[in-house]
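Heads up, the sequence shown is in our numbering, so the first residue is 2 and it goes up one at a time.
The set of hints was computed from the structure by calculation and includes no laboratory data.
The structure presented is a predicted model; accordingly, all values stated were derived computationally and were not measured.
For each residue, glycine too, the CB sits at the ideal point set by N, CA and C.
There are no misleading hints in this set.
Across the chosen pairs, the derived CB separations fall in these ranges:
#1 P126 x T22: 17 to 27 Å
#2 D64 x A146: 36 to 46 Å
#3 G192 x L154: 17 to 27 Å
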Amino acid sequence: MPNLLILAALPEEAEALFPGTGTRDDGPIPIRRLAAHNHNLTIATTGLGKVNAALAAGLLGADADMLLMTGTCGALGAALGAYWLAEAIQHDYGAAHPGAFRRYRAGDWPMGEAGEAHFTAMPDPGLGLPHARIASGDSFVACPAAAADLQSLGATLVDMEVGAVAQAAGRLGLPWAAIKAVTDEANDASGGDFQANLIRAARTAAQEVERLVAML
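Assemble the whole structure, with the sequences as input and the hints as a guide.
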(Lines of atoms letter the chains of each structure in order from A and count residues from 1; the text may use other names and numbers.)
(Lines give C-alpha, C1' and ligand atoms only; values in the text may rest on other atoms or scores of the structure.)
Protein backbone atom coordinates (compact mmCIF):
# COMPACT_ATOMS: atom_id res chain seq x y z
CA MET A 1 0.00 0.00 0.00
CA PRO A 2 1.21 3.55 -0.66
CA ASN A 3 2.75 5.36 2.30
CA LEU A 4 1.43 8.84 3.04
CA LEU A 5 3.11 11.18 5.50
CA ILE A 6 0.60 13.69 6.88
CA LEU A 7 2.04 16.64 8.77
CA ALA A 8 0.26 18.87 11.27
CA ALA A 9 1.88 21.63 13.27
CA LEU A 10 -0.29 21.34 16.37
CA PRO A 11 -1.65 18.38 18.37
CA GLU A 12 -5.19 19.67 17.87
CA GLU A 13 -4.70 19.52 14.10
CA ALA A 14 -3.17 16.05 14.14
CA GLU A 15 -5.78 14.59 16.50
CA ALA A 16 -8.63 15.89 14.33
CA LEU A 17 -7.54 13.54 11.54
CA PHE A 18 -9.00 10.01 11.73
CA PRO A 19 -9.63 10.62 15.46
CA GLY A 20 -9.25 7.79 17.95
CA THR A 21 -7.42 5.46 15.57
CA GLY A 22 -3.89 4.15 15.10
CA THR A 23 -0.88 3.36 17.22
CA ARG A 24 1.31 6.04 18.77
CA ASP A 25 5.00 6.73 19.08
CA ASP A 26 5.64 9.72 21.34
CA GLY A 27 9.22 10.37 20.28
CA PRO A 28 10.79 13.76 19.53
CA ILE A 29 8.26 14.09 16.70
CA PRO A 30 5.06 12.40 17.94
CA ILE A 31 3.48 10.18 15.30
CA ARG A 32 0.38 8.05 14.88
CA ARG A 33 0.31 5.18 12.38
CA LEU A 34 -2.80 3.66 10.84
CA ALA A 35 -4.20 2.20 7.64
CA ALA A 36 -7.10 3.88 5.85
CA HIS A 37 -8.52 3.67 2.33
CA ASN A 38 -5.77 1.26 1.22
CA HIS A 39 -2.99 3.58 2.36
CA ASN A 40 -0.49 3.40 5.20
CA LEU A 41 -0.67 6.72 7.02
CA THR A 42 1.86 8.32 9.32
CA ILE A 43 0.41 11.40 11.02
CA ALA A 44 3.14 13.57 12.55
CA THR A 45 2.80 16.49 14.96
CA THR A 46 5.68 18.66 13.82
CA GLY A 47 5.49 21.73 16.07
CA LEU A 48 5.16 25.29 14.83
CA GLY A 49 7.23 26.93 12.14
CA LYS A 50 9.19 26.17 9.02
CA VAL A 51 12.15 24.45 10.67
CA ASN A 52 9.96 22.02 12.60
CA ALA A 53 7.88 21.23 9.53
CA ALA A 54 10.90 20.67 7.27
CA LEU A 55 12.67 18.60 9.94
CA ALA A 56 9.69 16.27 10.24
CA ALA A 57 9.37 16.00 6.48
CA GLY A 58 13.05 15.17 6.10
CA LEU A 59 13.26 12.65 8.93
CA LEU A 60 10.00 10.85 8.19
CA GLY A 61 9.65 11.37 4.45
CA ALA A 62 12.27 8.86 3.30
CA ASP A 63 9.72 6.05 3.28
CA ALA A 64 6.81 8.15 2.04
CA ASP A 65 5.27 8.25 -1.41
CA MET A 66 3.65 11.64 -0.80
CA LEU A 67 3.67 14.50 1.70
CA LEU A 68 0.37 15.96 2.87
CA MET A 69 -0.32 18.75 5.32
CA THR A 70 -3.43 19.48 7.32
CA GLY A 71 -4.27 22.24 9.78
CA THR A 72 -5.22 25.86 10.09
CA CYS A 73 -4.29 29.23 8.62
CA GLY A 74 -5.08 32.92 8.58
CA ALA A 75 -7.06 34.62 5.83
CA LEU A 76 -5.75 37.47 3.69
CA GLY A 77 -9.16 38.48 2.41
CA ALA A 78 -10.31 34.89 1.89
CA ALA A 79 -13.58 33.61 3.33
CA LEU A 80 -13.91 31.09 6.13
CA GLY A 81 -13.66 27.43 5.18
CA ALA A 82 -11.16 24.90 3.88
CA TYR A 83 -8.86 25.43 0.89
CA TRP A 84 -6.80 23.33 -1.48
CA LEU A 85 -3.37 24.96 -1.40
CA ALA A 86 -2.37 24.92 -5.04
CA GLU A 87 0.69 27.09 -4.45
CA ALA A 88 2.94 28.01 -1.52
CA ILE A 89 5.50 30.76 -1.08
CA GLN A 90 7.91 31.46 1.78
CA HIS A 91 7.34 35.16 2.29
CA ASP A 92 10.37 35.67 4.55
CA TYR A 93 12.90 34.21 2.08
CA GLY A 94 14.63 36.66 -0.20
CA ALA A 95 16.98 39.63 -0.25
CA ALA A 96 16.80 42.89 1.70
CA HIS A 97 17.54 45.92 -0.49
CA PRO A 98 17.29 49.59 0.48
CA GLY A 99 13.58 50.24 0.88
CA ALA A 100 12.52 46.86 -0.50
CA PHE A 101 12.49 43.12 0.18
CA ARG A 102 12.67 40.94 -2.92
CA ARG A 103 11.23 37.44 -2.68
CA TYR A 104 12.85 34.41 -4.34
CA ARG A 105 11.91 30.76 -4.38
CA ALA A 106 13.18 29.34 -1.09
CA GLY A 107 16.50 27.60 -1.64
CA ASP A 108 17.38 29.60 -4.77
CA TRP A 109 20.16 32.18 -4.78
CA PRO A 110 18.57 35.39 -3.43
CA MET A 111 20.29 37.66 -5.92
CA GLY A 112 19.93 38.64 -9.54
CA GLU A 113 16.64 38.57 -11.38
CA ALA A 114 13.84 37.16 -9.22
CA GLY A 115 11.67 34.59 -10.96
CA GLU A 116 8.64 32.73 -9.69
CA ALA A 117 8.91 32.34 -5.92
CA HIS A 118 6.17 29.78 -5.36
CA PHE A 119 6.06 25.99 -5.17
CA THR A 120 3.24 24.16 -6.98
CA ALA A 121 1.28 21.33 -5.38
CA MET A 122 0.20 18.09 -7.02
CA PRO A 123 -2.91 18.33 -9.21
CA ASP A 124 -6.21 18.54 -7.37
CA PRO A 125 -7.92 15.14 -7.78
CA GLY A 126 -11.36 16.75 -7.77
CA LEU A 127 -12.17 17.63 -4.16
CA GLY A 128 -14.12 20.69 -5.23
CA LEU A 129 -12.45 22.99 -2.71
CA PRO A 130 -11.47 26.56 -3.61
CA HIS A 131 -7.82 26.89 -4.60
CA ALA A 132 -5.45 29.32 -2.90
CA ARG A 133 -1.84 30.46 -2.71
CA ILE A 134 -0.53 30.44 0.86
CA ALA A 135 2.30 32.59 2.18
CA SER A 136 4.37 30.84 4.87
CA GLY A 137 6.82 32.41 7.27
CA ASP A 138 8.13 32.18 10.81
CA SER A 139 5.79 34.80 12.22
CA PHE A 140 2.16 34.83 13.30
CA VAL A 141 0.54 37.59 11.25
CA ALA A 142 -1.78 39.77 13.32
CA CYS A 143 -1.38 43.05 11.46
CA PRO A 144 -3.47 44.44 8.57
CA ALA A 145 -0.43 46.18 7.03
CA ALA A 146 1.60 42.96 7.03
CA ALA A 147 -1.40 41.11 5.62
CA ALA A 148 -1.69 43.63 2.77
CA ASP A 149 1.98 43.11 1.92
CA LEU A 150 1.41 39.36 1.64
CA GLN A 151 -1.65 39.92 -0.53
CA SER A 152 0.62 41.77 -2.95
CA LEU A 153 2.34 38.41 -3.51
CA GLY A 154 -0.91 36.93 -4.75
CA ALA A 155 -1.51 35.08 -1.48
CA THR A 156 -4.96 34.82 0.06
CA LEU A 157 -3.92 32.70 3.07
CA VAL A 158 -1.02 32.77 5.54
CA ASP A 159 0.56 30.15 7.81
CA MET A 160 3.93 29.12 9.23
CA GLU A 161 4.64 25.72 7.61
CA VAL A 162 3.29 24.80 4.16
CA GLY A 163 5.97 26.59 2.17
CA ALA A 164 8.66 24.64 4.02
CA VAL A 165 6.88 21.33 3.45
CA ALA A 166 6.67 22.17 -0.25
CA GLN A 167 10.40 22.92 -0.38
CA ALA A 168 11.21 19.69 1.47
CA ALA A 169 9.02 17.69 -0.89
CA GLY A 170 10.93 19.10 -3.82
CA ARG A 171 14.27 18.09 -2.31
CA LEU A 172 12.91 14.60 -1.59
CA GLY A 173 11.42 14.25 -5.07
CA LEU A 174 7.92 13.71 -3.67
CA PRO A 175 4.53 15.14 -4.63
CA TRP A 176 2.88 17.28 -1.99
CA ALA A 177 -0.55 18.57 -1.14
CA ALA A 178 -1.99 20.66 1.66
CA ILE A 179 -5.47 21.50 2.89
CA LYS A 180 -5.98 24.13 5.55
CA ALA A 181 -8.99 25.85 7.11
CA VAL A 182 -9.23 29.47 8.24
CA THR A 183 -9.18 30.48 11.91
CA ASP A 184 -8.66 34.25 11.71
CA GLU A 185 -8.22 37.27 9.42
CA ALA A 186 -4.55 38.14 10.15
CA ASN A 187 -5.54 41.29 12.03
CA ASP A 188 -5.36 42.63 15.57
CA ALA A 189 -8.07 40.15 16.69
CA SER A 190 -6.21 37.14 15.31
CA GLY A 191 -4.78 35.85 18.59
CA GLY A 192 -8.19 35.44 20.17
CA ASP A 193 -9.86 34.30 16.96
CA PHE A 194 -7.24 31.61 16.42
CA GLN A 195 -7.77 30.16 19.90
CA ALA A 196 -11.55 30.33 19.57
CA ASN A 197 -11.66 28.66 16.16
CA LEU A 198 -8.74 26.22 16.32
CA ILE A 199 -10.69 23.03 17.07
CA ARG A 200 -13.45 23.74 14.55
CA ALA A 201 -11.06 24.69 11.77
CA ALA A 202 -8.73 21.76 12.48
CA ARG A 203 -11.62 19.32 12.09
CA THR A 204 -12.85 21.08 8.94
CA ALA A 205 -9.43 20.66 7.32
CA ALA A 206 -9.08 17.09 8.60
CA GLN A 207 -12.39 16.03 7.08
CA GLU A 208 -11.23 17.26 3.69
CA VAL A 209 -7.89 15.48 4.08
CA GLU A 210 -9.79 12.29 4.89
CA ARG A 211 -11.75 12.76 1.64
CA LEU A 212 -8.50 13.31 -0.22
CA VAL A 213 -6.95 10.11 1.14
CA ALA A 214 -10.03 8.19 0.01
CA MET A 215 -9.60 9.59 -3.53
CA LEU A 216 -5.88 8.85 -3.94
